[in-house]
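Chemist: Chain by chain, the residues:
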Amino acid sequence: LAKTTQPISMDSYEGQEVNITCSHNNIATNDYITWYQQFPSQGPRFIIQGYKTKVTNEVASLFIPADRKSSTLSLPRVSLSDTAVYYCLTNGGATNKLIFGTGTLLAVQP
Amino acid sequence: DAGITQSPRHKVTETGTPVTLRCHQTENHRYMYWYRQDPGHGLRLIHYSYGVKDTDKGEVSDGYSVSRSKTEDFLLTLESATSSQTSVYFCASSSGGAGADTQYFGPGTRLTVL
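Listed in order, the protein sequences are those of chains A and B.
Residues in the first sequence are numbered consecutively from 243, following our numbering.
Residues in the second sequence are numbered consecutively from 882, following our numbering.
Hints in this document: simulated from the structure, not taken from any laboratory.
Just so you know, even glycine gets a beta-carbon here, dropped at the ideal spot from N, CA and C.
Check before you lean on any hint, since a few could be wrong.
To be verified - When the alpha-carbon atoms are kept at most 30 angstroms apart in a straight line, the in silico DSSO-like pairs for lysine-lysine are as follows: (1) K938/B to K294/A; (2) K311/A to K296/A; (3) K951/B to K938/B; (4) K934/B to K245/A; (5) K245/A to K938/B; (6) K245/A to K294/A; (7) K245/A to K296/A; (8) K892/B to K951/B; (9) K892/B to K938/B; (10) K311/A to K938/B; (11) K892/B to K934/B.
Claimed, not checked - Not everything, but these chain A residues come out facing chain B in the computed CB check (under 8 angstroms): (12) P286; (13) T325; (14) Y329; (15) F342; (16) G343; (17) T344.
One chain only, chain B, in its complex shape:
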């Protein structure tokens, strides 16, 4: 499996506080993705990156921002967390984009917003 890690693995925070989740990959993959997974919705794309400093929105990007200053790191920020952002967040990476290349997923971060 591709070397992809996420930190923290679990986080509990309060409404209105900023939260940053980190994704780190060691495969030198060009593309990186952030998804959220909620019961009844499967995985939904939040943002993705197609290179350093190059990002684009996914299906559910409102309330989230991302940054990619290095190939190996992709950060997801909730500027002011809300209870609706309680979810499990998965990061993924792939060498190519769209759906043609295998995505390798991290172990997930469980975020609870009280």
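Chain A on its own, in the form it takes in the complex:
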């Protein structure tokens, strides 16, 4: 099964840029890389998705190197409300191999 690896936790302060990296060494050729955000007692929520190079939307950027074995979620100028668990997801080339990593708990302090 495709496996993703992320740091367990990260700390930051309001206004800083935060970069969370995910390792996915076994990513398949047709895999996309998707990041989700989860608050306590809620289901995960989509943040951003990419296949290669760089993707940017209104809340985040996603950087994917040429070999696609890792990806970095970048959150600009975080606020207290960005405190959450962030998951990266690949699927090893098939729906039944969808694997969420254990996630990264981002704690943003004043």
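Starting from the known structure of chain A, arrange chain B on it as the hints suggest.
Modeler: Chain B only, in chain A's frame:
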């Protein structure tokens, strides 16, 4: 957000009893998923469906069965609940499969098996 609900939201049951969790979506999504979330394991796929009556196993399918008789409903059944199945269960749906389409998640069901 996509209209996806789960019922019940909380359930306490005893070992050996059958349990059915329901997921309902109003987006006419083709794909639906059941995950469990446990500390230290993140989200793990139990089963998914790619259409009415079409289902497949995920990473942790042992002890679980699913059914999908209508596009909007996806049921997860624990035939004989065990304490190891105490977890938070999330349902999700997407228009396309694999990892290429955004999954929309429900609010979760917290199941405790005593």
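Chemist: Tell me the hint numbers this structure goes against, listed in increasing order.
Modeler: Per hint list: single violation, 13.
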